[in-house]
Amino acid sequence: MQIKESTEVYDVIIVGSGAGGGMATKQLADAGFKVAVVEAGPFFDPKDLEQMTQFKWPYESPRRGASKTRAFGEWDMAYGGWEIEGEPYTHAEGTKFDWFRSHMLGGRTNHWGRISLRFGPRDFKHKDVDGHGDNWPISYEDVKPYYDKVDKLIGVFGTKEGRPNDPDGFFLPPPKPRLHELFYINGARKSGVPVIPGRLSMLTKKINNERGVCFYCGQCSRACSVYADFSSGSCLIFPAQKNGGQIKIFVNSVVREVTTNEEGKATGVSYISKDDRKEYKLKGKVVVLAASACSSARILLNSKSKQHPNGLGNSSNLVGKYLHDSTGSSRVAFIPGLMNRKTSYNEDGVGGMHVYSPWWGDNSKLDFPRGYHIEISGGMSMPSYGFAYDPNEFNKFFGSKVGGYGDSLRDDVKKYYGAVVGLAGRGEGIARKDNYCEIDPTTVDKYGIPVLKFNYQWSDLEKKQAKHMQDTFEEIFHNMGGEPLGEKPGKEKDYGLLAPGRIIHEVGTTRMGNDPKTSVTNKYQQLHDVDNVFIVDAGPFVSQADKNCTWTILALSWRASDYIIKQLKQRNI
Amino acid sequence: MILGAGAGATGLIFKGCKTDEGPTVEENIATGAEEFFGRTPEELKLIEKLNAEQLFNTHEMETIAVLSTVILPPKEPHGGPIEAEVPDFIEFIAKDYPEMQDTLLGGLMWLDHTSNTTFGVEFKTATLEQQKQILDTIAFHDVEVPLEEQPMEIQFFHMMRGLTVTGYYTSKVGIADLGYKGNMPNVWDGVPEDVLEQHGVSYDPEWIAKCVDQSKRGIIAEWDEEGNLLT
Numbered sequence: 001m002q003i004k005e006s007t008e009v010y011d012v013i014i015v016g017s018g019a020g021g022g023m024a025t026k027q028l029a030d031a032g033f034k035v036a037v038v039e040a041g042p043f044f045d046p047k048d049l050e051q052m053t054q055f056k057w058p059y060e061s062p063r064r065g066a067s068k069t070r071a072f073g074e075w076d077m078a079y080g081g082w083e084i085e086g087e088p089y090t091h092a093e094g095t096k097f098d099w100f101r102s103h104m105l106g107g108r109t110n111h112w113g114r115i116s117l118r119f120g121p122r123d124f125k126h127k128d129v130d131g132h133g134d135n136w137p138i139s140y141e142d143v144k145p146y147y148d149k150v151d152k153l154i155g156v157f158g159t160k161e162g163r164p165n166d167p168d169g170f171f172l173p174p175p176k177p178r179l180h181e182l183f184y185i186n187g188a189r190k191s192g193v194p195v196i197p198g199r200l201s202m203l204t205k206k207i208n209n210e211r212g213v214c215f216y217c218g219q220c221s222r223a224c225s226v227y228a229d230f231s232s233g234s235c236l237i238f239p240a241q242k243n244g245g246q247i248k249i250f251v252n253s254v255v256r257e258v259t260t261n262e263e264g265k266a267t268g269v270s271y272i273s274k275d276d277r278k279e280y281k282l283k284g285k286v287v288v289l290a291a292s293a294c295s296s297a298r299i300l301l302n303s304k305s306k307q308h309p310n311g312l313g314n315s316s317n318l319v320g321k322y323l324h325d326s327t328g329s330s331r332v333a334f335i336p337g338l339m340n341r342k343t344s345y346n347e348d349g350v351g352g353m354h355v356y357s358p359w360w361g362d363n364s365k366l367d368f369p370r371g372y373h374i375e376i377s378g379g380m381s382m383p384s385y386g387f388a389y390d391p392n393e394f395n396k397f398f399g400s401k402v403g404g405y406g407d408s409l410r411d412d413v414k415k416y417y418g419a420v421v422g423l424a425g426r427g428e429g430i431a432r433k434d435n436y437c438e439i440d441p442t443t444v445d446k447y448g449i450p451v452l453k454f455n456y457q458w459s460d461l462e463k464k465q466a467k468h469m470q471d472t473f474e475e476i477f478h479n480m481g482g483e484p485l486g487e488k489p490g491k492e493k494d495y496g497l498l499a500p501g502r503i504i505h506e507v508g509t510t511r512m513g514n515d516p517k518t519s520v521t522n523k524y525q526q527l528h529d530v531d532n533v534f535i536v537d538a539g540p541f542v543s544q545a546d547k548n549c550t551w552t553i554l555a556l557s558w559r560a561s562d563y564i565i566k567q568l569k570q571r572n573i
Numbered sequence: 001m002i003l004g005a006g007a008g009a010t011g012l013i014f015k016g017c018k019t020d021e022g023p024t025v026e027e028n029i030a031t032g033a034e035e036f037f038g039r040t041p042e043e044l045k046l047i048e049k050l051n052a053e054q055l056f057n058t059h060e061m062e063t064i065a066v067l068s069t070v071i072l073p074p075k076e077p078h079g080g081p082i083e084a085e086v087p088d089f090i091e092f093i094a095k096d097y098p099e100m101q102d103t104l105l106g107g108l109m110w111l112d113h114t115s116n117t118t119f120g121v122e123f124k125t126a127t128l129e130q131q132k133q134i135l136d137t138i139a140f141h142d143v144e145v146p147l148e149e150q151p152m153e154i155q156f157f158h159m160m161r162g163l164t165v166t167g168y169y170t171s172k173v174g175i176a177d178l179g180y181k182g183n184m185p186n187v188w189d190g191v192p193e194d195v196l197e198q199h200g201v202s203y204d205p206e207w208i209a210k211c212v213d214q215s216k217r218g219i220i221a222e223w224d225e226e227g228n229l230l231t
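If you read the sequences in order, they're chains A and B.
Take the first sequence: its letter number 520 is residue 520 in the working numbering, and every next letter is one higher.
Take the second sequence: its letter number 131 is residue 131 in the working numbering, and every next letter is one higher.
Hints may contain errors.
Unchecked claim - Derived DSS-like pairs: lysine-lysine, alpha-carbon spacing no greater than 27 Å straight-line:
#, chain 1, residue 1, chain 2, residue 2
1, A, Lys144, B, Lys172
2, A, Lys306, A, Lys206
3, B, Lys95, A, Lys68
4, A, Lys342, B, Lys95
5, B, Lys49, A, Lys68
6, B, Lys216, A, Lys206
As the list claims (entries may be wrong) - Covered stretches of chain A, as calculated for chain B (at least 3 residues, CB under 8 Å):
#, region
7, 165-177
8, 204-216
Said to hold, decoys possible - Among chain A residues calculated to face chain B with C-beta under 8 Å, some are:
#, residue
9, Trp57
10, Pro58
11, Ser67
12, Tyr389
13, Pro391
14, Phe394
15, Gly486
16, Lys488
No lab work stands behind these hints: they were computed from the structure.
Please read these numbers as outputs of a predicted model, since none were measured by experiment.
The beta carbon of each residue, even a glycine, is placed where N, CA and C say it ideally should be.
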């Protein structure tokens with residue numbers, strides 16, 4: 001089979017169209033460069049009626065919203081999941097990692113929680129504080145101008161709070177708290193846990209004439225048809241196209257490797273088309289990888305050549321190393337004070353929490369490093385498969401019988417509707433060299449590309465942090481007059497600490513640094529080994545913070561793009 | 001007064017916005033709901049495949065219909081499991097999740113066996129009193145013991161009740177019975193005053209002062225250099 005090679009030479013080839021790839025597309029196309037975007041999944045536009053799930057009722061599907069084909073329920077707008085048929089991954093014995101992939105234009109930005117937190121000054125230099133991990137080669141001051149620009153370009157609501165490690169930005173005003181959130185505010189404050197308005201990227205106010213304003217359907221996980229929340233397609237790639245950008249999008253195209261020449265410089269990429277299962281080549285002056293931390297590491301490791309026998313950019317042997325996800329542990333409770341609610345009003349709100357708790361602890365007095373934030377869920381949400389499956393299980397708290405049948409079930413369902421609150425901790429684990437992904441030469445996916453093998457274990461530090469989460473949740477629930485449900489996860493269950501990968505914040509596989517021996521990219525996310533290859537997903541993160549990673553991916557991708565523009569204009573690469 | 005349900009009275013109602021001179025949001029919703037339900041081609045194929053299969057025979061479907069109606073009797077004006085198409089939903093979901101099949105098929109056999117042994121008739125043709133007499137022996141489980149350690153017929157009833165109630169409340173009539181008011185464009189402006197009072201909470205004025213002024217939601221945001229919102 002002959003590989004089909006295009007004659008066109010692009011200025012930049014961008015692999016992946018999520019947060020990092022979308023931002024690079026926008027900046028590089030706006031700067032006048034000819035850009036090719038290579039995406040493994042289909043085209044997706046949140047306003048396409050055939051793909052749209054926003055405003056669907058559970059009864060529009062025979063499975064009533066159950067999660068059979070989509071991990072977060074069948075209206076969720078991520079094509080993919082932790083398991084994808086024909087695209088396996090493997091594990092070193094005794095280790096765990098669950099890898100969530102979403103193959104579609106915009107990637108995971110179409111369904112994500114839109115929690116848009118800046119990393120703080122301490123997050124970039126945390127080794128100086130506690131001796132764990134490594135410092136970033138850049139500081140908050142380097143990234144701040146880009147965070148500011150991202151806020152204004154994309155839009156995020158929040159409030160100025162002046163907290164030292166949760167920097168303020170250019171915020172849109174937040175929505176008012178819902179009823180269960182008022183209960184949480186009171187309960188958390190009783191325990192000295194701070195609560196502030198959420199910081200999420202939905203437009204509570206107009207930011208331009210191209211995007212709509214939030215109409216509070218609470219369905220950001222389904223992607224917004226009026227573009228009132230951030231998705232990479234609707235907010236970055238489509239506007240760049242409208243702006244006259246020279247952008248060619250290759251969908252259903254799975255990149256196999258970065259191609260290189262005799263001098264070891266990148267010449268483009270080769271990809272498999274899902275449509276005809278044939279291999280193609282694209283030529284470009286610069287290759288920007290934005291396929292997600294693990295996918296980009298996989299592409300680099302699979303890009304072996306005479307000049308790069310260990311994989312591209314891997315002279316340090318660190319590609320795939322330092323993989324880390326956020327920690328996560330959660331608990332739900334029944335809150336009697338929220339029983340017998342009036343259903344006179346619509347409280348869908350935005351698609352996420354209107355309030356949250358940023359990390360408040362003093363680690364010098366705790367037995368673990370780094371912190372976590374608390375996310376709150378609850379309310380009178382739209383029923384979906386599983387709703388009221390145990391219609392009167394809370395009767396046990398009142399000494400009355402659980403189960404039965406008949407008219408009383410209707411009363412029970414209404415009595416308890418909206419009386420459950422969930423708290424979830426999302427924290428920072430320590431980046432470690434011995435948590436990594438590598439190529440498993442024994443296994444290929446259905447496109448013939450060698451797959452990743454994961455090797456990841458949480459340490460006692462993360463487990464102790466999860467214990468702190470569980471103790472805190474229990475205390476806050478009691479302050480709210482609530483009854484925590486299920487058994488409190490103890491030591492034998494790692495305090496409910498979820499398997500790595502479950503929080504879908506994986507970062508660190510191509511970390512940045514000043515020393516080519518201890519890092520994969522420089523501080524502009526350029527491979528130390530090959531000057532015309534850049535990585536703009538979360539791979540270059542030196543450490544995750546107790547924040548979500550998307551806002552930092554966006555800021556750093558913009559920063560790296562500015563550097564690429566300068567280098568291209570000066571003909572340095 | 002905190003605006004919530006009263007928002008309509010003060011003019012804060014959602015106005016359908018025209019995007020690029022295309023259809024309004026409401027028109028899109030109507031068209032989308034009628035013509036598609038957001039499935040990928042692969043997902044549509046799976047649904048067609050499941051629909052072409054048959055799990056329960058006619059007798060079993062009739063038994064499910066009778067049983068679901070005893071579990072959740074119809075009530076005016078929002079009907080019951082039949083109006084909510086609960087039997088069809090159970091047929092589909094049991095094909096979608098094959099691990100449920102033995103419990104459901106076995107449980108239906110248990111119902112008929114018990115009814116035949118005790119009353120000499122199949123469950124579906126027994127009187128309501130006889131049906132209740134049978135169900136009373138399996139409808140209450142011991143909450144201290146994990147469900148999977150309890151007898152099959154108890155697990156069966158728990159599953160059947162769960163599917164009936166979730167099937168009803170995810171249907172059009174069930175959602176109307178519940179009173180859920182969302183899944184449509186609106187302008188959220190806080191919890192209504194009477195609801196706050198009922199639950200004994202209130203808004204902190206300092207917090208509310210920072211929240212969105214919905215009368216200015218359509219005005220393009222501008223900030224000063226320190227990030228203070230000017231508009």
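List of violated hint numbers, smallest to largest: Structure breaks hints 1, 2, 4, 11, 14, 15 and 16.
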